[in-house]
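Protein chains: 2
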Amino acid sequence: MTSERDAHALATTDFDLDLSEDQLRTRRNVKWSQYPADVLPAFVAEMDFAVAPPIQAALERVLRQQDYGYPKRDTERPEYTISESFAARMQRLYGWTIAAEEVQPLADLVQAKFAAITAFSDPGDGVIVQVPAYSPFFDAVETPGRVLKAMRMVDDGTGYVPDLDALRRLAPEASILTICNPHNPTGRAFTKDELLAMAQVAIEHDLVIVSDEIHSDLTYEPFKHIPIASLSPEIAARTVTINSPTKSFNIPGLRAAVMHFGTMALKERFFARVPRKLLGQVGVFGIEAANAAWREGTPWLLAVKAALADRRARVVAALAGEPGLKLYAPEATYMAWLDCSGLRLNVPAQQFFVEEAKVGFSGGSAFDPDAGSTFVRVNFATSAEILDRILDRTLTATRKLTTAGHES
Amino acid sequence: MTSERDAHALATTDFDLDLSEDQLRTRRNVKWSQYPADVLPAFVAEMDFAVAPPIQAALERVLRQQDYGYPKRDTERPEYTISESFAARMQRLYGWTIAAEEVQPLADLVQAKFAAITAFSDPGDGVIVQVPAYSPFFDAVETPGRVLKAMRMVDDGTGYVPDLDALRRLAPEASILTICNPHNPTGRAFTKDELLAMAQVAIEHDLVIVSDEIHSDLTYEPFKHIPIASLSPEIAARTVTINSPTKSFNIPGLRAAVMHFGTMALKERFFARVPRKLLGQVGVFGIEAANAAWREGTPWLLAVKAALADRRARVVAALAGEPGLKLYAPEATYMAWLDCSGLRLNVPAQQFFVEEAKVGFSGGSAFDPDAGSTFVRVNFATSAEILDRILDRTLTATRKLTTAGHES
Numbered sequence: 001m002t003s004e005r006d007a008h009a010l011a012t013t014d015f016d017l018d019l020s021e022d023q024l025r026t027r028r029n030v031k032w033s034q035y036p037a038d039v040l041p042a043f044v045a046e047m048d049f050a051v052a053p054p055i056q057a058a059l060e061r062v063l064r065q066q067d068y069g070y071p072k073r074d075t076e077r078p079e080y081t082i083s084e085s086f087a088a089r090m091q092r093l094y095g096w097t098i099a100a101e102e103v104q105p106l107a108d109l110v111q112a113k114f115a116a117i118t119a120f121s122d123p124g125d126g127v128i129v130q131v132p133a134y135s136p137f138f139d140a141v142e143t144p145g146r147v148l149k150a151m152r153m154v155d156d157g158t159g160y161v162p163d164l165d166a167l168r169r170l171a172p173e174a175s176i177l178t179i180c181n182p183h184n185p186t187g188r189a190f191t192k193d194e195l196l197a198m199a200q201v202a203i204e205h206d207l208v209i210v211s212d213e214i215h216s217d218l219t220y221e222p223f224k225h226i227p228i229a230s231l232s233p234e235i236a237a238r239t240v241t242i243n244s245p246t247k248s249f250n251i252p253g254l255r256a257a258v259m260h261f262g263t264m265a266l267k268e269r270f271f272a273r274v275p276r277k278l279l280g281q282v283g284v285f286g287i288e289a290a291n292a293a294w295r296e297g298t299p300w301l302l303a304v305k306a307a308l309a310d311r312r313a314r315v316v317a318a319l320a321g322e323p324g325l326k327l328y329a330p331e332a333t334y335m336a337w338l339d340c341s342g343l344r345l346n347v348p349a350q351q352f353f354v355e356e357a358k359v360g361f362s363g364g365s366a367f368d369p370d371a372g373s374t375f376v377r378v379n380f381a382t383s384a385e386i387l388d389r390i391l392d393r394t395l396t397a398t399r400k401l402t403t404a405g406h407e408s
Numbered sequence: 001m002t003s004e005r006d007a008h009a010l011a012t013t014d015f016d017l018d019l020s021e022d023q024l025r026t027r028r029n030v031k032w033s034q035y036p037a038d039v040l041p042a043f044v045a046e047m048d049f050a051v052a053p054p055i056q057a058a059l060e061r062v063l064r065q066q067d068y069g070y071p072k073r074d075t076e077r078p079e080y081t082i083s084e085s086f087a088a089r090m091q092r093l094y095g096w097t098i099a100a101e102e103v104q105p106l107a108d109l110v111q112a113k114f115a116a117i118t119a120f121s122d123p124g125d126g127v128i129v130q131v132p133a134y135s136p137f138f139d140a141v142e143t144p145g146r147v148l149k150a151m152r153m154v155d156d157g158t159g160y161v162p163d164l165d166a167l168r169r170l171a172p173e174a175s176i177l178t179i180c181n182p183h184n185p186t187g188r189a190f191t192k193d194e195l196l197a198m199a200q201v202a203i204e205h206d207l208v209i210v211s212d213e214i215h216s217d218l219t220y221e222p223f224k225h226i227p228i229a230s231l232s233p234e235i236a237a238r239t240v241t242i243n244s245p246t247k248s249f250n251i252p253g254l255r256a257a258v259m260h261f262g263t264m265a266l267k268e269r270f271f272a273r274v275p276r277k278l279l280g281q282v283g284v285f286g287i288e289a290a291n292a293a294w295r296e297g298t299p300w301l302l303a304v305k306a307a308l309a310d311r312r313a314r315v316v317a318a319l320a321g322e323p324g325l326k327l328y329a330p331e332a333t334y335m336a337w338l339d340c341s342g343l344r345l346n347v348p349a350q351q352f353f354v355e356e357a358k359v360g361f362s363g364g365s366a367f368d369p370d371a372g373s374t375f376v377r378v379n380f381a382t383s384a385e386i387l388d389r390i391l392d393r394t395l396t397a398t399r400k401l402t403t404a405g406h407e408s
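Protein chains in written order, with the UniProt record's numbering: chain E, 1 to 408; chain X, 1 to 408.
None of these hints come from the bench; they were simulated from the model.
Not one of these hints is a red herring.
List of simulated lysine-lysine pairs, DSS-like, C-alpha gap at most 27 angstroms: (1) Lys277(E) with Lys267(X); (2) Lys267(X) with Lys277(X); (3) Lys358(E) with Lys326(E); (4) Lys267(E) with Lys277(X); (5) Lys277(E) with Lys267(E); (6) Lys326(X) with Lys224(X); (7) Lys267(E) with Lys192(E); (8) Lys277(E) with Lys277(X); (9) Lys400(X) with Lys358(X).
To be clear about the criterion: a stretch of chain X counts as covered by chain E if any three or more of its residues have a C-beta under 8 angstroms from a C-beta of chain E, and this derived list gives those stretches: (10) 45-53; (11) 64-70; (12) 99-112; (13) 138-148; (14) 248-255; (15) 277-283.
Each residue gets a CB set at the ideal place from its N, CA and C atoms; glycine is no exception.
Bound conformation, chain E alone (with noise of 0.2 angstroms):
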């Protein structure tokens, strides 16, 4: 860990990561082209931030070679080999231990979580999924005929914590346990103590535990981030671990994802139900992307991750306080999940932002069906220049009503 203190001692300063309005809106993802010109985005998990050298670099370099032949670098190069790169990033960064043959390459973390429900219940089983969530995973669940089981993050007053008892009565009926650690969009890097009482459950009631940890590299200190298959042999033998680079180093686009079988059992067990190769093949921007990533991306993660703790700040400095909002600081991630209950609004808080504020945050609904409509996840990743004004357009909206009432 010496080595990345070092890097970032170098890195706050290398990197210059922000892009202008005007570079961003020429893009054509989803973030900058679906609202209108006026509407500042702050919704879909985008980093507005320039991407990681050795990732362009890597990517240079197929295309000057015009290197698009088939991509089996997985299996004819080992030293190109995206599960290669996640095994010793594991050792590195957390101390666990693991082979790069429990390890599958596949396109997207929603593909994985469809792929592990499909290989580890049946139809008409319970699948456990942590609401709020991100609003695929409920896709996941339903399209194959599984029964979703809410187990729901509760506000204690100090923070949004997995409700455990709910988690012990749903376990019966259930075959498999979802997670999101840290947890999108609460911000939470879950406890030792926390997920030893989720696996405790999982192990009593043999479920599979399925873990996206596709938000790990962005957990704010003092927080840190504990791969669940890492806290036991006997967890890890249940635990298919699913993760990526995409959301921490913004290739989204790339697609290039894996998932770990904490056990080669386990994994059989989940190739005699899924065929390999009908999860697809990843392309050869998303191998050279990710291994470029997890091998030579630290400096870059760095100065990015202390850019992220900037915009938090401002986040939390001018939203925490505010009447009508609360809003507890995420321990990790990009996004806030903010509570707009307080202001009492006839419409989804969402469409209230768009229309009265003119940002783009998520609506909560997306997240939580059943009582999400009051709650926003904001999306911070942004410069400071563009933030402020998201920043300052909500808070000149809410004033408008919280004073409104104020002289009703």
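Given the structure of chain E, go ahead and fit chain X onto it with the hints provided.
Chain X alone, transformed into the frame defined by chain E:
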């Protein structure tokens, strides 16, 4: 088609397609890294040609703008939809009218085969495969527990033809007929009569037809590619057509393919068994490359077809009359299926050519485990200079043998 002919006149002089052996060996692809440096590779289905300029320009645009965001163009921006590009191309090339909504993009052909077999058959069902066949297609049948039924391509003295009697015999035990049209590795572009005869059996026995048409762009005059689903609505209603720009535009590492369902009912039947998101999403480089290939790639493609026609003529001139070898000029594809049984080798033909000619062909056993060891598949998609060296080495090795044979 007039515009294609006009483009042709320009195309054949406008492109510098050839890459030197030194350039090729810098790539990290399979073709130029699997064998030792003294072996000339002529196996895996990649062409040694510079990529089409519109594809390179599209990829450069993504790289320059770091446009690595969520690849949701398919839903967000209809003008960048692979499905639309494919539908427009089928209309233009074959007068085949299909709807973009009948098309599902995914990563690759092998994935598409697995998915179609998973969706349209049950464990224990028979799946008919034309043999010889691309070897991953055997896995695509057997890994999900289906039973492979081999319909052989038989040498009738004028070329390889589908064994329709075998098809009629196998059909009652099968639920799927897979065909490869044009056929890899024999290079046959099936005639309308052949396709109608196969389709008729499928209709009589209620088989789903899975038609791999990835080589269709590379059909030589006077032969014509006919999409089997274009022959009648009755055939379309039971046909999944699989295609991709990655073969004819030589970009297999970019991972982009399509499945076309002849009716929406067939598509719905598919997605009732295989959740859409289990397939993963196509990456941004794959999307941009596919659109550039299918919308702007014709001039380059015509230049490549002219070059391949020249290479094909060289292969036929060199090998067709040679003692111990038997070869029919391929009607499509950049492959020649070379029957070496006349050499009476006591090792597989592929091994003989690696050891004695320092040429790496694809071994025939991969395509036909029972009867393929005396065959090799010759990939002739390279520069005239490299191909001539391959052919010289091949003939030098076989002549040593046939001369020795005559002398003994």
